[in-house]
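Please build the complex by placing chain E with the ligands on the supplied structure of chain R, with the hints as guidance.
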Amino acid sequence: MRAVTWAGRNTVEVRDVPDPVMLNSRDAIVRVTSTAICGSDLHLLNGYVPTMQDGDVMGHEFMGEVVEVGPGVDPARLSVGDRVIVPFPIACGACNACAAELYSCCENSNPNAGMAEKLFGHPTAGIFGYSHLTGGFAGGQAQYVRVPFADVGPLRIESDLTDEQVLFLTDVLPTAYMGAEMCDIQPTDVVAVWGAGPIGQLAMDSARVLGAAHVIAIDKEPYRLRMAEQAGYTVINFDEVDVRSRLLELTAGRGPDKCVDAVGLEADHGSPHVRLYDKAKQTLRMETDRPHALRQAILSCRSGGIVSVVGVYGGLIDKFPAGAWMNRSLTLRTGQCHVHRYLKPLLQRIERGEIDPTRIITHTFPLDEAPRGYEIFKHKQDDCEKVVLKP
Amino acid sequence: MTSGTAERPRARALGWVSLGLGVAQLVAPKAVRRLSGVGDSRTSKVMVPLVGARELVHAAGLLAGKRTGPWAWTRVAGDAMDLFSLGVALAHRHGQRRMRLLAVTGAVVGITVADVRTALRTTQGGTMELTAATTVRKPPPDVYAFWRRLDNLPNFMAHLDEVRVTSDRTSHWVATAPFDRTVEWDAEIVDEVPGDRIAWRSLPGADVPNRGEVRFTPAPDGVSTEVRVRMTYELPAGGLGKLLARYFGEEPHQQLDDDLRRFKQVMETGEVVRSDGAPWGKRARHEFPQRPAQPLTREELDQIEPKGALV
Ligand SMILES: NC(=O)c1ccc[n+]([C@@H]2O[C@H](COP(=O)([O-])OP(=O)(O)OC[C@H]3O[C@@H](n4cnc5c(N)ncnc54)[C@H](O)[C@@H]3O)[C@@H](O)[C@H]2O)c1
Ligand SMILES: [Zn+2]
Ligand SMILES: [Zn+2]
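Sequence order for the protein chains is R and E. FYI, in the numbering used here the residues of the first sequence are 1 to 391. FYI, in the numbering used here the residues of the second sequence are 1001 to 1311.
Because the hints were derived from the structure by calculation, they are not lab data. The structure displayed is predicted, hence computed values, not measured ones. Hints are supplied without guarantee of correctness; some may be wrong.
[Unchecked claim] Straight-line distance between alpha carbons at most 20 Å, and here's what the computed SDA-like set of lysine to any residue pairs gives:
1. E/Lys1242 - E/Gln1255
2. R/Lys118 - E/Thr1135
3. R/Lys118 - E/His1253
4. R/Lys390 - R/Lys118
5. E/Lys1138 - R/Gly93
[As the list claims (entries may be wrong)] Chain R residues, not near chain E, derived (Cβ > 10 Å throughout):
6. Val17
7. Ser79
8. Thr162
9. Pro187
10. Arg208
11. Gly353
12. Asp382
C-beta: ideal position from N, C-alpha, C; glycine also.
The shape of chain E in the complex, shown without the other chains:
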């Protein structure tokens, strides 16, 4: 499963800086303290390795690639922490050491500015474009045919309650927006090549204008299909737009990734897999903690959506 936004290279470069700083602070905390003029106070002895550990956490998050937005913000938080401790140190240092500290503070301010810009860029914007891909072990015509029956989509797309086909090219969509609001819109298919691709867009008047495209390509194994989805939402100004931005903001790709994961499950096994810890099928939003991995009570069973085969 892959997905992406644009701001990767910059975020990744910051990841390497994190890794370098983290390793240096953990491995040679003394040298880091001396070079930066923080000195040997008891606080800095504790702080420098802690800061090192923090950098490693950031590096892990940033280098892993995806979801650079929130990880970039953890760096900004980290920078704030650095500036604060440097400020405290500055207030108590004089002469040469103060000069060195000032130089370091200047550098950290520079890094903070870069971090804030990266973080802002990854989370801002009226148009939100999400992409995701998966490989399904079925030939392209089958995978295409399943998707083309648009009323199949709510089987695996978490936010969709219903898609009603209203004509050959048009359909009516009902979705649950965050915090239990419902949004509805009409959509039309604007491009389709059987076995190859489908593209659709909402008709004028939609609360959240959106368009989507899915492409089906034969995989190199000669058996499977590579499925690539691109969804674009025009987030409106005002309340709903803000809600949606906040909702998607945390993990912009997670939802589409999970939707495609379930699409694959339905195509390959006939249904969305459930466990005792995550029995909700497509509503499985909670990652951790979940309900304990022990059988459901009859009452809990009644609350989950229709179980069993979906297709």
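Chain R with its partners taken away, still in its complex shape:
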């Protein structure tokens, strides 16, 4: 089959690889009908997530049709011919983390848990197409994909919603929604969202749905800010103005009540000096992550507020403003999304028209053109916000 593979830092190649085979009794094989490129894939592409290998199949946002199910899967739960969307974290459904609905912390789904334990202190779940640290599972930017614990993750789509309407249930919509939900939004809240990429945009939509009084978008790409503005949000371009001053102005000195980091470890900085400082340290591997957005969110948030982090961090950061965090009673909440929790409620919100995730799709390519998709998404060319691939 054809599959998008990692071919060293800054390179993806579409190659012929073997068709997937079942390895466990609760596996299913899915024929992929739609798949997407994520900001997380850029962290892999750019070489910031350790333990990628040449030939790894990429992709954790995918949906399609079940073509094979293992003997351990209850046919009432999933059977051949079902149309499914598949959550990006792999969860067993039986461990204590799964019982607590902390699916992305599943204790059983990562065969390389020992490796993750060394880096993170405790192991984390397997994730499709997302390095060997998260299990070494082949991803879904391919014609077919093996889905372990197929009786736990996949959600059957029985209505006639299009692929585009439900595809983002695999990751970006639940992630963005969790980002807003962790903010514990009150009707009087001003919510500021760092990053107007796919996660940021849908986090803004989620904050509005959850009743925020006012939503602010922070980014530097004019077309992404335009997109947020058109959806009704106030925008701040961090390349043009000082973000903290502007936020103080917008909130009459209070600072936003809730802040969402939807940027993660490759954040950019308005000031060239700080940008250079972190870039240099990251290159020398003295810190692995560039946390500008996180630092700024912590410094800007009002005392007693919540900083919700859905942007991905992989290792160590430097100059973490622990003083601001501690002395001003801030709450920090975070996590890889526990997608399974949100599938049904968010599917209902889509069906009821409360959230329309299709608004972020700007490009659709055949799978073979994935490298071009990565290129324009990474370099923010051609006003690219989200790329969908059709195998």
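What follows is chain E with the ligands alone, placed relative to chain R:
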């Protein structure tokens, strides 16, 4: 998952020393160079921050707790590097600066001695005792019953090929020793309390005399079981003992940790989880690099052990 050996406090104290030295060398390399008398030569300008970065790596390894043995040896290697550079510097310094350098060298020799002792203690010894623990989301009677069927053990213990139950209390064990040698022995259960604990030991005549004990305690959640395992091996003098010591020496606890991780997987999900990068089930020894995360060829699939449900 937790596991441990005895030599933690000393290793951890060394970790804090590493952290202090590392931060000082990175943040104030000038002061460190001046205080230690190394001076401002171009080499030392490069060396001091490098040495700082190295110390941070050690600190990370040591403070993380586990596997202090090999990390302690990286400190010894580091000390050797320090002594070497100090020696080079000494040969080119005179007067006051030479005195200061000599003092530093004395201190580093002292640290080296402490490091070597720690490293030796953590890796030496005829008796090797390993402990590990995990929590399984099943009640103690179920977890106990599964373990008590000793022929279940090879399902998740990497080195065990077979356990054959020969009577109510005795069994015959076959294990793969490092480098494809096979060792066999008979064992007997010496203590058991249903739902609570099982203890066994090898009978006289075993190549590697060993004993083990597993305890099952109800977890505070009222649903799960805390499983604590202790395994003791008497490493024989001579070839096999050396092989085993070398084999376990690198990561003494990793194997038991991984065995218990798989035990938990089998208990909670019915089988050992496999991925394209790590499709070998309980033989998943290679951490990184692995095979790429892309589907297996039919030939590769034929080579891996029986796939699918284990219980
Ligand atoms: N927690 C999860 O489960 C989860 C799931 C999916 C994605 N993510 C992460 O969410 C993050 C965003 O994903 P995405 O797909 O939207 O990526 P993206 O790269 O398209 O968007 C990131 C945006 O942040 C902007 N940005 C950079 N520096 C900034 C700064 N200092 N301040 C404000 N904005 C800044 C960029 O211009 C870009 O528009 C990534 O880190 C991704 O890995 C997390
Ligand atoms: Zn994603
Ligand atoms: Zn689980």
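Going down the list of hints, with the structure as the test:
1. E/Lys1242 - E/Gln1255: Judged against 20 Å, a Cα distance of about 18 Å means the pair holds.
2. R/Lys118 - E/Thr1135: holds, 19 Å
3. R/Lys118 - E/His1253: holds, 13 Å
4. R/Lys390 - R/Lys118: violated, 37 Å
5. E/Lys1138 - R/Gly93: holds, 13 Å
6. Val17: violated, 5 Å
7. Ser79: holds, 19 Å
8. Thr162: Holds: least Cβ distance 28 Å, greater than 10 Å.
9. Pro187: Holds, because the least Cβ-Cβ distance between R/Pro187 and chain E comes to about 36 Å, which exceeds 10 Å.
10. Arg208: holds, 38 Å
11. Gly353: R/Gly353 is indeed farther than 10 Å from all Cβ atoms of chain E, at 38 Å.
12. Asp382: holds, 30 Å
When held up to the earlier numbered hints, the structure conflicts with 4 and 6 and fits the remainder.
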